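Line by line, the protein sequences are chains P, F and B.
Numbering follows my numbering, with no gaps: position 29 of the first sequence is 1462.
Numbering follows my numbering, with no gaps: position 84 of the second sequence is 87.
Numbering follows my numbering, with no gaps: position 11 of the third sequence is 15.
Keep in mind the hints are simulated off the structure, nothing from the lab.
Honestly, I wouldn't trust all of these hints.
To be verified - Below are the BS3-like pairs computed for lysine-lysine, each with C-alpha atoms no more than 25 Å apart in a straight line:
1) P/LYS1651 / B/LYS277
2) P/LYS1739 / B/LYS64
3) P/LYS1618 / P/LYS1635
4) B/LYS186 / P/LYS1669
5) B/LYS102 / B/LYS64
6) B/LYS271 / P/LYS1635
7) B/LYS277 / P/LYS1718
8) P/LYS1651 / B/LYS102
9) P/LYS1745 / B/LYS64
Here the structure is a predicted model, which is why all the values come from computation and not from measurement.
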Amino acid sequence: MKDEPWGIGTKIAAGILTLVIVITTIMQYVAWRNGGVVAPGTDVGTIRLGGAFGLSGVCAEWGEGEKKAAQMAVDEINANGGINGRKIDFMVEDTQCENKTTVNAVQKLVNADHVLAIVGPTWGDAYQGASPVINGSMTPAVAPDTAMEALELEHQPIDYIFSTYAPQRKEIAALQAYAEKSGLKGIAMVWDQDSYSTMMAKLFEEAAPAHGIVITDKHEMPTGIQDFRTIIAKLKAAHAEAAFISFLAPHTKASFLKQAKELGFSGTVFSAADIQDESVLASYKDAMDGVIYTYPVANAGQKAFKEAYRAKYGEDPQGPAAVNAYDAVRIIAVAMRTGATGGEALRDALMKARIKGAFVDDLGFDAKHQVGGGAFELKTVRNGTFVPLK
Amino acid sequence: MEYLIHLAVMSSIYAILGMSLNLVVGYAGLLSVTHAAFYGIGAYAVGILTVSHGYGFFGATAIGMACAALAAWFIGIVSGRFKGDYYALVSFGFNIIVFSIFLNVQSVTRGPLGIPGIPKPEVFGMLIRSNAQFLLLAIAFTLATYAVSQWIVTSSFGRTLKGIREDEDALRVFGYDTARYKRIIFVIAAMLAAVGGSLFASYISYIDPSTFSLNESIFILSLVILGGLANVNGSVFGAIFFILLPEILRFVGFPPDIAAQMRQVAYGLILVLLMLYRPQGMFGEYKL
Amino acid sequence: MYIPYVDIVPQLIANSVIAGAIYALIALGFNLIYGTTKFFNLAHGAVAACGAYAVFAILKTFALPVNIVVACAIGAFVAGIIGYGLERLIYRPLRRRKASNMVLMVASLGAFTALQAFIAILFTSQFQALESSGGISGAIEIYGAIITHTQVVIITCGIAIMAILAFIAKYTLFGKAVSAIKDDEEVARMVGIDTDRIIGKVFFIGSAIAGVAGILIGFDTGIEPTMGMNLLLKGTIASIIGGVGSLYGGFLGAFVLGFAENFGIWKISGEWKDAIAFVVLIVFLLVRPEGIIKK
């Protein structure tokens, strides 16, 4: 054959050499930038805080809002003199809502940027690959939306991983207690094949017998499906009294609710905290009317956050977990103010830290590294706003 | 340095995937968009067998390769009846079907919850702990894949394949069972992709179906096309380039709001520009 | 136990028809383009999204005081222009160079990725609704099956566009030129047809139809930058089942797919929805590769 291995070989060699040079330059540059980093505990320079959000891909809807809210918290802290006089340098990476790229993002933050703590990484299935990196490097990571329970169910270490998101077991318990009280016996479940949704469904099913609830029907759908009409027709034909829905995106829930209304499904629809997404409500206020879900008891912080976000960005907080990202930055800052700027000391400080949160009033972490304080109440949508039930 | 090692490990894994896919796309001329399925089969074999059945890494990898070979044999029989863009479309379909199996056969794969806690490999009784050690293992596998690929393409088998690619009818006239040749190379490529998958699973330690979606197949195909069709070296280049591209794009200095999307724009434009100005890829010897 | 089928079957048929009409709108434009250029234009899905976002920009971002129908017409026009632009900038130079249809397909994949990302940059990744009613549309009931007004429009548009295309193909000079190119581009050029101009127009029309599809889906469920991928896959499957390049084929295939999916969900289960579509495709390709309607 007339291959010309040498000609091509030279080209390849040149190409790879160029690449090596590029990499080296990058590494040199990174090292140079890191020259400004000071050892934890000293009082000069800035504090590097990492952010790992899903800015593209299936969870970009959540990630964009989380990033904006976290940035808002950083700006507020810096405007108020930073952390013990040191400004926060907020470095954001995109996790692309995917396992592999989340590992990439966290590797970059931990090993190239040498951040002292991370807000994120987000997304149920995406952060599990990153958890060994976080624990191995002893970099505390406070995630605004994760399926924390997944780590626990899988007996994976949670050492340096925290979550400011709603604890799912608590949510479900509150929801099922309500269902029991209102005399509902059977509930059907509809969820999509996202790890968060799947875990919610799993927890819901597990907890049901304790509240005397029978799961009448289970419908699992691929993620990204917007057409639920046939599933709803099935629910209608089976005369389902109620349905618990859990999907990757709040707007999918809105689609389900819209189609359920259009097709005249008369049962109650239950959901969880992630349905409280202001920007989705703006488009689907009639469709979402009457859905029942759990959320931390309303407090001044929730309202103040919403207003501050609107003032800064001129839009409603995007995605359900923007508020949780805001709190994550603030609790990290409080922990760092104790003088613990990294590693084990910061983890211990995080365990002790308590703030007046925007999500729940008394925000701190329990033994499971989840938001401990605060009770959940049942909420619904009425006249285009999220309101407490009754 | 740790981060550089991480990028190198990822590049090795994608180099394995790229080289193996190039055997099918470049040498056999079949535009396959289903490579992530075999990648996933390899990863799942290691995930399932090491976590819950006590297998070692190498044993699980071998079984994964066998499973991938079996799947490829079957897929090859069906898709072998198609050519050109129809072939691409059918392979699309198989990727989605295998992806659905990862998601839906939950008693085996655990579905969307994925498999966490996959152990690191043990080599000669020594557990690989650091990423640097893992990199050595990954490079060893990459070199092996490289050697196998080079051996195949320079063998008489490889030359026949190229012949089929250029003029299938002529070779059939000469009495070659061309369908069989295409199926064999497809199976070999699938087995090599499974190796990439097993490395990925034990390196990241967690796998879930979303890693092995259609998008991943498109990504692998893109790096093969960029590096060059029918050039094994090109695929190594393509893998390194695509893994480093996000790093390079950092220095363009897009505002952070749009940086993530600009990377997607870059992927798209690279494909368009390549097709317009260099359809054989950077170092390719064959045009689609 | 009463018979459950009476409860559910009319609605299932309605759901299948609605889904079929949506797929048909994508498949019609896709098939039109495939018919003349013989390559799978993967950018078609993203073009549909562009049309929907153009309407979103008019009605929501800039809140222009225009009638919804006018906004939709502009949206379809924008989609058409984008499709035409792709043809001029990418596909035509490639065709001049006698690039294979695989090269064209890969290029269109690149265009798809880039367009989708541009939309996300301009409008964020947030899911948005086109309608302003707060979510619930009025509906009609036929034998117990409920179809919303938006969905009635979708079905009507699907049928109307099919009819218009059939009319154009049969009775106009343009239609005859298109079918000449379909048969053989070289021959068409030799008999004096300006093939580039005709293909440009075909791209405009096909993409505008995709835009209509995107807009209608936007009114029915909502829009997001990544909406094109699913539409594209289903539209492609529909055209191949029906007979790629054939007008009626794509239309018919769309409804076959709609019925297969919805009855599949009913009898098998929801999680296999995506796989069902591709199994149907592969079975068709094996058993009847030329599609339902033979060319």
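Tested hints:
no., hint, in the structure
1, P/LYS1651 / B/LYS277, "15 Å, holds"
2, P/LYS1739 / B/LYS64, "22 Å, holds"
3, P/LYS1618 / P/LYS1635, "18 Å, holds"
4, B/LYS186 / P/LYS1669, "48 Å, violated"
5, B/LYS102 / B/LYS64, "43 Å, violated"
6, B/LYS271 / P/LYS1635, "23 Å, holds"
7, B/LYS277 / P/LYS1718, "29 Å, violated"
8, P/LYS1651 / B/LYS102, "53 Å, violated"
9, P/LYS1745 / B/LYS64, "20 Å, holds"
Figure legend: structure checked against the earlier numbered hints; hints not met, in rising order: 4, 5, 7 and 8.
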